[in-house]
Amino acid sequence: MSERTLFDKVWNQHTVKTLPSGQTQLFIGLHLIHEVTSPQAFAMLRERNLTVLYPQRTVATVDHIVPTEDQSRPYADGLAEEMMVAIENNTSSNGITLHNVGDGKQGVVHIVAPELGLTQPGMTVACGDSHTATHGAFGAIAFGIGTSQVRDVLATQTLAMGGLKVRRIEVTGALKAGVYAKDLVLHIIRVLGVNGGVGYAYEFAGEAIEALDMEGRMTVCNMAIEGGARCGYINPDQVTFDYLKGREHAPTGAAWDNACAWWSSIASDVDAVFDDVVTFDASTIQPTITWGITPAQGLGIEENIPAVSDFPAEDAALIGEAYEYMSFEAGQAIAGTGIDVAFIGSCTNGRMSDLREAARIAELHGGTVPAQVKAFVVPGSEQVKKLAEEEGLDKVFVKHGFEWREAGCSMCLAMNPDKLVGRQVSASTSNRNFKGRQGSSTGRTLLMSPAMVVVAALEGVVTDVRPLVEKGASA
Amino acid sequence: MSAVTHIKGRAVPVRGNDIDTDRIIPARFLRCVTFDGLGEHAFADDRAQLKEKGETHAFDKEEYAGANVLLVNANFGCGSSREHAPQSLAKWGIEAIVGISYAEIFFNNNIALGIPCIQVSPEEADGIQTAIESDPNLDVAINVETAEISYGASVIKGILHEGVRNRFLTGSWDATGMLVEAADEVAATAGKLPYMNGFQK
Ligand code: SF4
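First to last, the sequence lines map onto chains Y and U.
Position one of the first sequence corresponds to residue 68 (the numbering used here), numbered consecutively onward.
Position one of the second sequence corresponds to residue 267 (the numbering used here), numbered consecutively onward.
Bound-form chain Y, shown alone:
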């Protein structure tokens, strides 16, 4: 049993009571909702004559179905329009703030809440979306939940939850140039497996984690869920406080000092006890990309597609399925794989630092996206879009042949018009390479960092970004 970890402290402070089932009734400090998983929850409330208990603790935005080109209403997709109307009505009739398209604060829910300062250390956060783990970057305990649980949070501001074990993932050393937070987390998932984290909260720690800025930390925590963990978090430190200071919902004046003191107090103690500890050396990690149909089927850019015999016997069927779906053979190099589509965006890699690095790589390369490749950049939020345009990043992307879009989830899950066609191969900064994930039931996805997507787009084939980065460093 873990003791004195951030997870234990936050859990204990938010425990309302132990339920007859043995589960804990846990208070949720911040509840985020979006258009896909909330309409049925509001309908259930109405059926039971329940109201929203703490409307000011729920914040809504729209992201999954929002088109990234023509955003005029009503949407061409009547079902999407119906979902928009539902969230507009449900939020207004329940006194819930909605950051809607065009208000300057709309975007992917996991990008919007941090940039507004809504996500803070020591909070419990819940959202009807599995990538809620992202908010753990602030030292919050953040859970993705289903729609019935969205109903529970709306009605009671609490959840019935079973406890978790805590695994400390200690990352020593430093990432090499051209290797990013995305590579780090893809590598961790590759080693621990897609269900290695079942029953656990992941605490990411160590010098390589501390060296990440808040956006890199969000990328890491975002994908904790892909490793099977129920949530992932990083202890808050000065980097966290500096990011929060001055944001719209961050405390000010005397409250700021009180907040910093409390936030510091909830970090894991030096003598905290973990259920287990796993160590990685950041300096050994290469640019990492996925070759298969689960996020754990990854490999370093210098490696070849693994053989079935590299995996435990029970995975043989899954590995065979991955070869067949992806049209890869054991022993084949991943570098040089042709791509058709390049997607930069999502709650994993749609933030400012991602776009800045992507634009920098495009400039270092100097080329243009070849005709056979469709490349597009989708900022994670309206704020990211505005700031990127102020810095001229949009012009850099367009100059190199990338399309520049409006904010949303886009081709991360392809509920809007952005979709792969047929068996197209996509180089994507998103978080899931499941069969059919990007809108075509036979479409193929290679997950990688934004820098790697940019070179893949410009070269037309999967390419190691490190030589370019080194060129940039010596220039």
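FYI, nobody ran anything at the bench for these hints, they're computed from the structure.
A few of these clues could be false.
Here are the simulated DMTMM-like cross-link-like pairs (lysine to aspartate or glutamate), alpha carbons at most 25 Å apart as the crow flies [what the hints assert, rightly or not]:
1. Y:Lys-462 - Y:Glu-526
2. Y:Lys-84 - U:Glu-451
3. Y:Lys-243 - Y:Glu-537
4. U:Lys-357 - U:Asp-440
5. U:Lys-274 - U:Glu-328
6. Y:Lys-84 - U:Glu-447
7. Y:Lys-76 - U:Glu-306
8. Y:Lys-172 - Y:Asp-137
9. Y:Lys-441 - Y:Glu-458
10. U:Lys-357 - Y:Glu-114
11. Y:Lys-84 - U:Asp-450
12. Y:Lys-466 - Y:Asp-407
13. U:Lys-327 - Y:Asp-144
14. U:Lys-467 - Y:Asp-336
15. Y:Lys-172 - Y:Glu-456
16. Y:Lys-486 - Y:Glu-149
17. U:Lys-458 - Y:Asp-336
18. Y:Lys-486 - U:Glu-306
19. U:Lys-357 - Y:Glu-149
20. U:Lys-319 - U:Glu-399
21. Y:Lys-486 - Y:Glu-391
22. U:Lys-458 - Y:Asp-324
23. Y:Lys-76 - U:Asp-450
24. Y:Lys-466 - Y:Asp-137
25. U:Lys-327 - Y:Glu-391
26. Y:Lys-232 - U:Glu-428
27. U:Lys-458 - Y:Asp-304
28. Y:Lys-232 - Y:Glu-277
29. Y:Lys-312 - Y:Glu-274
30. Y:Lys-486 - U:Asp-311
31. Y:Lys-441 - Y:Asp-324
32. Y:Lys-84 - U:Glu-428
Cβ-Cβ distance ranges computed for the label pairs, FRET-style [what the hints assert, rightly or not]:
33. Y:Gly-539 - U:Glu-321: 46 to 56 Å
34. Y:Asn-116 - U:Asn-403: 42 to 52 Å
35. U:Glu-451 - Y:Glu-315: 27 to 37 Å
36. U:Glu-321 - Y:Ala-400: 28 to 38 Å
37. Y:Met-68 - U:Gly-443: 29 to 39 Å
38. U:Glu-451 - Y:Glu-369: 48 to 58 Å
39. Y:Pro-437 - U:Ser-387: 44 to 54 Å
40. Y:Asp-324 - U:Glu-451: 29 to 39 Å
Since we're looking at a predicted model, the values are computed, not measured.
The C-beta atom is built at its ideal place from N, Cα and C for all residues, glycine as well.
Starting from the known structure of chain Y, arrange chain U with the ligand on it as the hints suggest.
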């Protein structure tokens, strides 16, 4: 809510590890404001792809029509938190799931729908799947209290964690009613959290 104590009927095997919720219900079917009608789209893409290859997915095989117990393998329901996935299975007719392991959000979503997900060993999962594949009409019965699954002449003892089991047995699998009762305690907990009062000491 009513107690869930016994599930009786027939089973349908869907083999494979790491079957994610995008495969259980592809994203395009999430464009909806109710869960109605999701049943027919369960495993839509997997079914279509097998059909193209001249094969048939279990959900399309006549011998499994009307089955109410789903037999799966490891890490079933990983990926997206979409409750549309268990809802689509429930609307198809599934009332219980037997498999090696489940992704946690999926597992919890099923509790909220009153659908027990029982854990068995890899050998037991394969054993019951093989038995059903050779005789789809075999009677299957699940005793939620003991987590025993009987099929034909065989009985296996699965795992259903006590806390979860009690929620099914006492009819408190739908958490809302139980959570609503504690409104005063919720307010007391909230009152002690520094961020709930704007960090005023
Ligand atoms: S960007 Fe992708 S993973 Fe993130 S919330 Fe949107 S659909 Fe989900």
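Of all the hints numbered above, which does this structure not satisfy? Sort the numbers upward.
7, 13 and 31
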